[in-house]
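J.: Sequence:
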Amino acid sequence: MARTKKNQGTTAKPMPDVLQGLATKATSRHYKRPATPELEIIIAEGGWTFKSPFDPQFDEAWVALMFDAFGTRSQATFRTFMNQLSSLCDTVWNDDIQGRHPVQDELVAAVQIVRSLQPRNEAEACLAAQMVAVHLMQLKLTAQALRYSHADPKSCAIAGKLARTYAAQMETFLRLRGKGSRQRITVRKYAQHEHKHIHLHQGDNENGSRPYGPKAKKAPLDQSEIGAALPSSNETGNAVPMPSNPGALALSHPRRREGIRRTER
1 MARTKKNQGT
11 TAKPMPDVLQ
21 GLATKATSRH
31 YKRPATPELE
41 IIIAEGGWTF
51 KSPFDPQFDE
61 AWVALMFDAF
71 GTRSQATFRT
81 FMNQLSSLCD
91 TVWNDDIQGR
101 HPVQDELVAA
111 VQIVRSLQPR
121 NEAEACLAAQ
131 MVAVHLMQLK
141 LTAQALRYSH
151 ADPKSCAIAG
161 KLARTYAAQM
171 ETFLRLRGKG
181 SRQRITVRKY
191 AQHEHKHIHL
201 HQGDNENGSR
211 PYGPKAKKAP
221 LDQSEIGAAL
231 PSSNETGNAV
241 PMPSNPGALA
251 LSHPRRREGI
261 RRTER
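The sequence shown begins at 1 in full-length UniProt numbering and counts up by one.
In case anyone wonders, no lab produced these hints; they're calculated from the structure. Quick caveat: nothing in here was measured; it's all calculated off a predicted structure. Be a bit skeptical, because a hint or two may be false.
[Unchecked claim] Simulated crosslink set (BS3-like; lysine-lysine; CA at most 25 Å straight-line): (1) Lys13 to Lys25; (2) Lys154 to Lys32; (3) Lys179 to Lys154; (4) Lys140 to Lys154; (5) Lys13 to Lys32.
Work out the full structure, taking the sequences as your base and the hints as a guide.
T.: So this is what it looks like as structure tokens:
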């Protein structure tokens, strides 16, 4: 008796209530976001180009949206930006043209990144396009570095620098719009003044800030500041008794007599 195999298909489980509530809010935010103009890559005249995916009667409106994405009204500027962004995208082979053309989704994403920054002129569009280039380089280099079990240190270092570069570019763009971060520095005035009086009696004519210099004149001394003389038996003479003959009287008597005897011999 042959056995019949039962269908082993999985039954999809319902979404939890908590996710349904979050999905409702996400849907509301989704419809509040500005609509994005799409584009379509087509094969024409042995090559590729892009055009509006909508009915031809809306071509003029589509062109206005695309020009506004780059903050310009110049056709040459718009074509230049599109060529530069398309060169950043991966390519796929096409048998009809026997060549390669950019991946449509990547080109659309590059245009939408520029448009999301809402550049007001061509200069801001240049910065937005550079951010696209840095973003693609950072992701591709990171994927290349993580492809093997041992990541290349140089590739990791460059990927880190590119990530910081993108953050700096975003900060620059926000500053252009007056939305960048500002650093507030509060300065409180605090001063401590110490005043000292220093009396210098070296002279009344200072040599610059040095009263002791060679040009300073000595101030006359006040007699009231001079102390009394030491007591002496000779009040009218010297205040301190001084020998009349310093050479002879300065020696003691025994040594002086011995010296005299030696000279007499």
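J.: For every hint, state whether the structure bears it out.
T.: Comparing the hints with the structure gives:
With a C-alpha separation of about 22 Å, the suggested pair Lys13 and Lys25 falls inside the 25 Å cut-off, and the hint holds. Taken as a hint, the Lys154 and Lys32 pair is broken in the structure, with Cα atoms around 43 Å apart against an allowance of 25 Å. At roughly 34 Å between alpha-carbon atoms, Lys179 and Lys154 are farther apart than 25 Å, so this suggested pair is violated. In summary, the hint linking Lys140 to Lys154 is supported, as the alpha carbons are separated by about 14 Å, within the 25 Å threshold.
Proximity of Lys13 to Lys32 is assessed by CA-CA distance (about 30 Å); at most 25 Å being required, the pair is judged violated.
The structure does not agree with the numbered hints 2, 3 and 5 stated previously, though it agrees with the rest.
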